[in-house]
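All chains, please: the whole structure from these sequences, using the hints.
2 protein chains.
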Amino acid sequence: MRVEIWTDIACPWCYVGKARFERALDGFAHRAQVEVVHRSFELDPSFPKGETVRVLSMLAKKYGMSEEQARQGEARLKENADGEGLGYVTEGRDSGNTFDMHRLLHLAKDRGRQDALIDGLYRGNFAEEESLFGDAERLVAIAVAAGLDEAETRAVLVDPEKYAADVRADEREAAELGANGVPFFVLDRRYGVSGAQPVEVFAQALQQAWDAQPRLTPVTAVAGAGEAGVCGPDGCAVPPRDGS
Amino acid sequence: MRVEIWTDIACPWCYVGKARFERALDGFAHRAQVEVVHRSFELDPSFPKGETVRVLSMLAKKYGMSEEQARQGEARLKENADGEGLGYVTEGRDSGNTFDMHRLLHLAKDRGRQDALIDGLYRGNFAEEESLFGDAERLVAIAVAAGLDEAETRAVLVDPEKYAADVRADEREAAELGANGVPFFVLDRRYGVSGAQPVEVFAQALQQAWDAQPRLTPVTAVAGAGEAGVCGPDGCAVPPRDGS
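Protein sequence lines, in the order shown, are assigned to chains A and B. Going by the numbering used here, the first residue of the first sequence is number -10, and it counts up by one from there. Going by the numbering used here, the first residue of the second sequence is number -10, and it counts up by one from there.
Be aware that a few hints might be false.
In this list, chains with the same sequence are indistinguishable; a pair is considered to hold if it fits within one copy or across any two.
Stated by the list, open to error - Straight-line distance between alpha carbons at most 20 Å, and here's what the computed DMTMM-like set of lysine to aspartate or glutamate pairs gives:
id, residue 1, residue 2
1, K51, D223
2, K38, E56
3, K38, D124
4, K50, D148
5, K38, E189
6, K38, D177
7, K50, D223
8, K50, D33
9, K38, D148
10, K98, E(-7)
Calculated directly from the structure, the hints in this document are not laboratory data. Only a predicted model underlies this, so the values are computations on that prediction, with no experimental measurement involved.
What follows is the structure, given as structure tokens:
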């Protein structure tokens, strides 16, 4: 079974939702048969690369609220993060363009390090005061700590084309699947769960998707399929000469 | 869409079947959306580790045929390999236990190098005269050429427990799916294709599985799901206080 999670590093509910989903997964009977893949979604793709903005000012400006109101929203998010044992900095945190992080997450996927990298990026962004935006060296350090090769990481960061198409493809797929916000969880391309739902909802969704797994339709359902070269415990059958 | 291919390195039809499947995949309109995973299947798990047997003698002994008859079977396999542009040594090739190769293929999967490693192992086994069995140094060389880390490869080879459970899990799944020979192709856990079928059959199967992809059932189908924390282009909604 496969779960795909569309997320953005700048998305606090993604950070919280991942932890809730993982609690559900840890308690799921078929946990070993579940593969998790993280997919890219940028909340603000037009944010100028390399620039940063203080989160509280951005929220206040974006919603025409006071900094104090923005601070209250952040406090609620911190409560939710606390509930999952996650660090959350409400003051001084900044935000920016996440495209390069998504490109690195695709490199990490290819190297089997995606989960470690996304955890490192979330922690770096939400639990620590230093900025993750506009500081390539910090990204490199987090990537290396997640098990990526330093030279390979730098090669991706300096070449804006590397993995760019993969990020765009993820975003197109999200749109096709009807996701207009994140986190967005897709189980076996069959069930969609939107938002940082309670653990019990993820547990239900896992069970529901598991129960809905299709039975295998054998080869005979494929037109033209006949006897073909196959090896079994008793040897390799060689089909009639025109079988290729 | 995901295609899982159960194979054994000692299986000539797996070698040929992979090439045929890939030809179909190269011509498939949605190629970029197809992920391929290789899964483990041992044709002869009881073969003593580290020992080797000449393939022609083994075939003759196993089937009570003459070496000449065994040679004819190999010649037919070579014709099929030739048809895919694959090297195939019919004389002097040996066989043995493939468990360690499967363990390495699981390491390679974790490092995003599985396809490169399986190609290297097939080539080493079928297209070259040197033995792949009982020669750990040759395995290391092939793994490193496929992009794996040398120290990590050696660490897996010297510890028979590493990835052993993953190999066994693949084999259990193959049995559950009804595979009693390889290659065995499973498309989205929905269609099963057995054997090195003609390219057109793989093309059909890909199209059929693509067309059968389920539509996404939204979150509301999951009991208990309600408004939950989600971030969109316009910001992060904070749900009612008991929403965690």
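Do the hints match the structure? See the list:
| no. | hint | verdict |
| --- | --- | --- |
| 1 | K51 to D223 | between (69 Å within a copy, 8 Å between copies) |
| 2 | K38 to E56 | neither (25 Å within a copy, 69 Å between copies) |
| 3 | K38 to D124 | within (11 Å within a copy, 51 Å between copies) |
| 4 | K50 to D148 | neither (33 Å within a copy, 58 Å between copies) |
| 5 | K38 to E189 | neither (38 Å within a copy, 47 Å between copies) |
| 6 | K38 to D177 | neither (34 Å within a copy, 38 Å between copies) |
| 7 | K50 to D223 | between (72 Å within a copy, 12 Å between copies) |
| 8 | K50 to D33 | within (15 Å within a copy, 68 Å between copies) |
| 9 | K38 to D148 | within (14 Å within a copy, 46 Å between copies) |
| 10 | K98 to E(-7) | both (12 Å within a copy, 18 Å between copies) |
The structure shown violates the earlier hints numbered 2, 4, 5, 6.
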